[in-house]
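Number of protein chains: 2
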Amino acid sequence: MLNAVVKFVTKPLGFAQLRYASQGLPQLSSEKYNMSRKSFGSVESSDVNFFKSILGDDRVLTDEGDVQPYNVDWLQHCRGQSKVVLKPKTTQEVSKILSYCNQKKLAVCPQGGNTGLVGGSVPVFDEIVLHLGLMNKVLSLDEISGVLLCESGCILENLDSHAREHNFIMPLDLGAKGSCHIGGNVSTNAGGLRLLRYGNLHGSLLGIEAVKADGTIIDCLGTLKKDNTGYHLKHLFVGSEGTLGVVTKVAIHCPIMPKAVTLGYFGVESFENVLRLLKAAKLSLGEILSAFEMADFDAITTTTKNFKISNPISDYPFYVLIETHGSHEGHDSEKLNQFLEEQMASGLILDGTIASEPAKIQSIWGLRESIPSAGLRDGYVFKYDVSLPLQHFYRLVPQLRAKLGDRASVVYGYGHVGDGNIHINLTVPEYTKEIHSELEPYIFEEVSKLKGSISAEHGIGFSKRNYVQYSKDQSALHLMRELKQLMDPNGILNPYKVLPEVK
Amino acid sequence: MLNAVVKFVTKPLGFAQLRYASQGLPQLSSEKYNMSRKSFGSVESSDVNFFKSILGDDRVLTDEGDVQPYNVDWLQHCRGQSKVVLKPKTTQEVSKILSYCNQKKLAVCPQGGNTGLVGGSVPVFDEIVLHLGLMNKVLSLDEISGVLLCESGCILENLDSHAREHNFIMPLDLGAKGSCHIGGNVSTNAGGLRLLRYGNLHGSLLGIEAVKADGTIIDCLGTLKKDNTGYHLKHLFVGSEGTLGVVTKVAIHCPIMPKAVTLGYFGVESFENVLRLLKAAKLSLGEILSAFEMADFDAITTTTKNFKISNPISDYPFYVLIETHGSHEGHDSEKLNQFLEEQMASGLILDGTIASEPAKIQSIWGLRESIPSAGLRDGYVFKYDVSLPLQHFYRLVPQLRAKLGDRASVVYGYGHVGDGNIHINLTVPEYTKEIHSELEPYIFEEVSKLKGSISAEHGIGFSKRNYVQYSKDQSALHLMRELKQLMDPNGILNPYKVLPEVK
Numbered sequence: 001m002l003n004a005v006v007k008f009v010t011k012p013l014g015f016a017q018l019r020y021a022s023q024g025l026p027q028l029s030s031e032k033y034n035m036s037r038k039s040f041g042s043v044e045s046s047d048v049n050f051f052k053s054i055l056g057d058d059r060v061l062t063d064e065g066d067v068q069p070y071n072v073d074w075l076q077h078c079r080g081q082s083k084v085v086l087k088p089k090t091t092q093e094v095s096k097i098l099s100y101c102n103q104k105k106l107a108v109c110p111q112g113g114n115t116g117l118v119g120g121s122v123p124v125f126d127e128i129v130l131h132l133g134l135m136n137k138v139l140s141l142d143e144i145s146g147v148l149l150c151e152s153g154c155i156l157e158n159l160d161s162h163a164r165e166h167n168f169i170m171p172l173d174l175g176a177k178g179s180c181h182i183g184g185n186v187s188t189n190a191g192g193l194r195l196l197r198y199g200n201l202h203g204s205l206l207g208i209e210a211v212k213a214d215g216t217i218i219d220c221l222g223t224l225k226k227d228n229t230g231y232h233l234k235h236l237f238v239g240s241e242g243t244l245g246v247v248t249k250v251a252i253h254c255p256i257m258p259k260a261v262t263l264g265y266f267g268v269e270s271f272e273n274v275l276r277l278l279k280a281a282k283l284s285l286g287e288i289l290s291a292f293e294m295a296d297f298d299a300i301t302t303t304t305k306n307f308k309i310s311n312p313i314s315d316y317p318f319y320v321l322i323e324t325h326g327s328h329e330g331h332d333s334e335k336l337n338q339f340l341e342e343q344m345a346s347g348l349i350l351d352g353t354i355a356s357e358p359a360k361i362q363s364i365w366g367l368r369e370s371i372p373s374a375g376l377r378d379g380y381v382f383k384y385d386v387s388l389p390l391q392h393f394y395r396l397v398p399q400l401r402a403k404l405g406d407r408a409s410v411v412y413g414y415g416h417v418g419d420g421n422i423h424i425n426l427t428v429p430e431y432t433k434e435i436h437s438e439l440e441p442y443i444f445e446e447v448s449k450l451k452g453s454i455s456a457e458h459g460i461g462f463s464k465r466n467y468v469q470y471s472k473d474q475s476a477l478h479l480m481r482e483l484k485q486l487m488d489p490n491g492i493l494n495p496y497k498v499l500p501e502v503k
Numbered sequence: 001m002l003n004a005v006v007k008f009v010t011k012p013l014g015f016a017q018l019r020y021a022s023q024g025l026p027q028l029s030s031e032k033y034n035m036s037r038k039s040f041g042s043v044e045s046s047d048v049n050f051f052k053s054i055l056g057d058d059r060v061l062t063d064e065g066d067v068q069p070y071n072v073d074w075l076q077h078c079r080g081q082s083k084v085v086l087k088p089k090t091t092q093e094v095s096k097i098l099s100y101c102n103q104k105k106l107a108v109c110p111q112g113g114n115t116g117l118v119g120g121s122v123p124v125f126d127e128i129v130l131h132l133g134l135m136n137k138v139l140s141l142d143e144i145s146g147v148l149l150c151e152s153g154c155i156l157e158n159l160d161s162h163a164r165e166h167n168f169i170m171p172l173d174l175g176a177k178g179s180c181h182i183g184g185n186v187s188t189n190a191g192g193l194r195l196l197r198y199g200n201l202h203g204s205l206l207g208i209e210a211v212k213a214d215g216t217i218i219d220c221l222g223t224l225k226k227d228n229t230g231y232h233l234k235h236l237f238v239g240s241e242g243t244l245g246v247v248t249k250v251a252i253h254c255p256i257m258p259k260a261v262t263l264g265y266f267g268v269e270s271f272e273n274v275l276r277l278l279k280a281a282k283l284s285l286g287e288i289l290s291a292f293e294m295a296d297f298d299a300i301t302t303t304t305k306n307f308k309i310s311n312p313i314s315d316y317p318f319y320v321l322i323e324t325h326g327s328h329e330g331h332d333s334e335k336l337n338q339f340l341e342e343q344m345a346s347g348l349i350l351d352g353t354i355a356s357e358p359a360k361i362q363s364i365w366g367l368r369e370s371i372p373s374a375g376l377r378d379g380y381v382f383k384y385d386v387s388l389p390l391q392h393f394y395r396l397v398p399q400l401r402a403k404l405g406d407r408a409s410v411v412y413g414y415g416h417v418g419d420g421n422i423h424i425n426l427t428v429p430e431y432t433k434e435i436h437s438e439l440e441p442y443i444f445e446e447v448s449k450l451k452g453s454i455s456a457e458h459g460i461g462f463s464k465r466n467y468v469q470y471s472k473d474q475s476a477l478h479l480m481r482e483l484k485q486l487m488d489p490n491g492i493l494n495p496y497k498v499l500p501e502v503k
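Note that the protein sequences, when read in sequence, are chains U and H. Just so you know, we're using UniProt numbering here: the first sequence kicks off at 1 and counts up by one. Just so you know, we're using UniProt numbering here: the second sequence kicks off at 1 and counts up by one.
Hints in this document: simulated from the structure, not taken from any laboratory. Just so you know, even glycine gets a beta-carbon here, dropped at the ideal spot from N, CA and C. Errors might be hidden in some of the hints.
Partial selection, computed: residues in chain H whose CB lies under 10 angstroms from chain U [as the list claims (entries may be wrong)]:
1) SER45
2) SER145
3) GLY146
4) ILE217
5) CYS220
6) TYR231
7) LEU283
8) ASP385
9) SER453
10) GLY459
11) HIS478
12) LEU483
13) GLN485
14) LEU499
Construct the entire structure; sequences and hints are all you get.
As C-alpha cells, this is what we get:
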C-alpha cells in the first residue's frame, strides 16, 4: 500500500517511513497486548551458524538495525522482537530451514511484502522471520491458456506487468500491489479491487507448492484448470496465513488483458441510491463490470485534503467508482454512456465523469487507492474491514460516528460494495486503550448480529485472533485447531496468529 | 445425464433403464474388482429400527426391489450390495444417522442424483445408502447479490430455473443437470460446460454446511463473497466426494442471467486449427465467451447416427461450439459475426452456423450433450475424462485408436477445450478384462507423462482410486490420508473411494 501512497505524496520517503522516523518505534506487541511467550526454543549462535551453512552469510540477518524493519508492520500497530531474518532463495532451502526449526522447536514467522493490516506478517516475540522476497522468479506463462507459474516472493505489480506483456493481466489488484508478494496474497486470500469481475483466489489459483512445518514439500503445483484427483489440498494454504505451511510457488490463471478500460466516477445522494445503482450496473453493464467501489464524503474529503489531490467532481454524500473491462472500446463506452444517461435521468447519479485515457483513469484510481492511508496523517487509525449483507453495508459508519462523537477526528467508510466489503477507518488523535476497548469487541458483535464477517479480506492475523468466534462457530474452530495440530504439531508456524488464544 | 438424453430419444424409459431391463444387472463391483470387505459392522434389524425411529417407516427402504436402483451406477459399471437406503429430510437427521453409524462402525455411502461416472455414488459392499434427494428446499435467493442458499438435494436444473425467475443463472451447467444434485456437484467439484466463463465451484461457492462422520455439524454456511476469518474449511468438502463429510446445505453466488445468448457451431480442418481458433476467440470475444467446446468427427457421427439427430453442417474432421453470454444482443452478435467473418477469411473456420433463437440453440447444445451417451448404444464404453496441456489435448485419441485397432467399434474425443479438459470414449462390443488392462494404467501413465490430470472433472470415486498417484505425489497422498484419519477415524464415509487401497 506504501507504494500507491508514494505516487501521490511525491516525497522521497514513504509515509510509513516518515512516521517511523518522527514518532519512534511502536510499542512492543507483547507489552501492548500483555502476551505470554510460548515455550519455543530460543535462537542460539549454533542455530545461526546452521542457517548460514545453508544460506551463506549474506542471507542471514542478525544486526539489530537490519532486523528492525522486519519486526514492524505497515500500520505500525505491532512490533516483534525477532533477532534473525532468513532469506531463502529456493524451496529446498525453505524445507531445510523448517525441518531444522521444527526439530529444535524454533518458532517461525513467514513474511512476504509485509503489507498486511492485522499484524499477521510480523513476529510477536522472537520468532525467526522467514522472508520470501528473494524467491521472486517467474517460471513460465502459457501464451494460450494464460497460466502463470512463479515463486511466491514475486511482487504483484511486477507479475501484472509481466502478464500484460503477453496480453494477460493478474486476476487480482490491490492498493499494496507495488510491494505485496503473490505468496502473501495467496496465504491471506487477498481480495482487492477487481474480485467482482475475476473472482477470488480460490477460483483462479490452479496450483500451489508449500512447505509444511516439518519441512515436507507438498507439491500441488498443477497448472490445469480442471483437476479432480483427490482432496483439493491447495485450499488449505489459501487464507491460513502461513500457519499451516509456507507457500513457495503458485500457478495462477490470468485473464486476457482487456482491450478497453473505462472508468466512471459519480456523485450519489444516499447509500440506498448506491445500492440501486449497483443493481442497475449489474444489469446494464453485465460482463464488462470490473469494479464497483464506493466512498463516503469524509473518505474523499480526508484524502483530497491530506494528500493535496483534487476531487474531479463537486461535493456529494457518496461517491461511486465504476470500472469496465472489455474487448471492444466502442461497445463498452456505448454501454457506460447509456448507463450514465439513464441513471442521471433516474436521479441515481447526480454528477459524474467518465474517463478512458490512462492518465485520468490512473488519477481517479489513485484517489481511491489513497483513501486507506489518508487518515494516518491525522493521528492513530483504527481500521476495520468487514463484510456485511448489502442492506446493512453502511449502517455501522453513522453508528460509530455517534458512538465516538468528538473523540474521533474523522470516521469514514469506503470499499468494495460490489463484493459486500466495507472498510471503516476511525481516526483519533492518539491510541488509547479506552477507545480500543470501546470499539472492540463492540464492532465485531454488531457485525456478527448482522450476519457479516469480521474480516472480509485482511484476514485474522494477530489483531483479530481472539474475535474469530464472531464469524466462526465452535465446530469450525474445533476443526481449525485439529488441522493446525495435524499439520504443525509443534505449533512453530506463525504462532499467536489466526487461532484464538486458549485461556 | 440421463435426462438430457431422454429429451432426444423421446422414449418413455430413460436409456439406462432400457439397458437395465434388457441386459440384466451388472456384475457386482466386489467380484468384478476382486475386493475385500473392510471390517465394518453389518446392519441388523435393531439398526433398521433405530433408523425408522428417526425417519419413520417411509424413509427407510429395505425391500430388495426398492433398494436395487441405489446400488447401480448410471454407467452400469458398478453394483453394490446395500440392504438399506435412508432418506433424511434435515441436517439434524443426517447428524443423528452418522453419529449412530460412527458408533456402530456402520459404513455409509452418501448419494445425490447418482449421475457420477466413476462409481463414487454407489456402495461397493453393504454400505448404507444415505440418499439426499428429500433435502431439496431452496432457502433464499438475494435479489441484489444473487446469493442462493439451498439444501444439498436440490436438482441443478430446478435451481437454474428458480434463479432465472429472478434474473440470475446457476454458475455451472452440465449434461446431467436434470437429475444431478447440487450437493453432489459440490462434493465432486463438478465442472461442466460453462466453467470457462463462470469459473469453478471453489470460486463460486460461498458457504457450506456439512456433517462429519461423527455427526458433528460444521456450519460454514456464510453467504458473503468475502470472508477471511480463519481456515477456509468449506474447501475440504468440495471435491472430496463424501469421504470427509456429507454436504447438507450450500450457498452459491449466481451470476446475472445473460440478456443475450448466441451459439456458433463450426467445422474445422485440424486440431491445431481448433487451438488457433480458441486463442482468436479469447481475444475477439473476450468477456462474452461462455463456452468453447470441441468434438471430433467420430463423436458427432456416432451421436447423429445413434440418436437420429441431424448435424447442422456437413462433415468435418473437427467441430467447435462457441457460446457467448452477454448483456447486449446487438453488441454480442456484432462481435460473433465479425469473428466468424475473420476466421472464415483466415481459413480456421471452414463452415458454420450461428444461432440466437432458443430452439436452435437448444438443438445444437442437445447434439453436444448427447455425445457422452451415444456410444452406449453400440456396446460397452470405456470413458476417460482427463485434463491435458493444450498442445497435447487431442494426442491420446489417435494413439488409442491405433492401440485398439479393430477391437474398438469407435474411439472418439470431445470436451471443454477452453478448460483443457477432454473426454475420450472407447466403445467395444463387450467388456473384457484384457482390454481394460490394456487401457489402464496405460492411459493414466500417458496423461501423467504429459503432466495432465487423470480426472479433470469426474473425480476419483471407486474406479480411479488406485490411479490417484498418477496425478498426486506421495507427500500429497500422505496428507490426504492424514486428513481422512483426522476427520473420519473409523473410515465409515464412502469407503473404498478416492484414497488408494493400502496393499
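Okay, the hints, checked on the actual structure:
1. SER45: Not OK, violated: SER45 of chain H not within 10 angstroms of chain U, min 33 angstroms.
2. SER145: holds, 6 angstroms
3. GLY146: Cβ of GLY146 of chain H sits 8 angstroms from chain U, so the hint holds.
4. ILE217: Holds, about 6 angstroms.
5. CYS220: holds, 6 angstroms
6. TYR231: Where the cut-off is 10 angstroms and the nearest Cβ of chain U is about 5 angstroms from TYR231 of chain H, the hint holds.
7. LEU283: holds, 7 angstroms
8. ASP385: Nearest chain U Cβ about 8 angstroms off; hint holds.
9. SER453: At 4 angstroms from the nearest chain U Cβ, SER453 of chain H passes the 10 angstroms test, so the hint holds.
10. GLY459: OK, holds: GLY459 of chain H within 10 angstroms of chain U, min 5 angstroms.
11. HIS478: holds, 8 angstroms
12. LEU483: holds, 6 angstroms
13. GLN485: Result: holds, 9 angstroms to nearest chain U Cβ.
14. LEU499: Hint on LEU499 of chain H: holds, closest Cβ of chain U at ~8 angstroms, below 10 angstroms.
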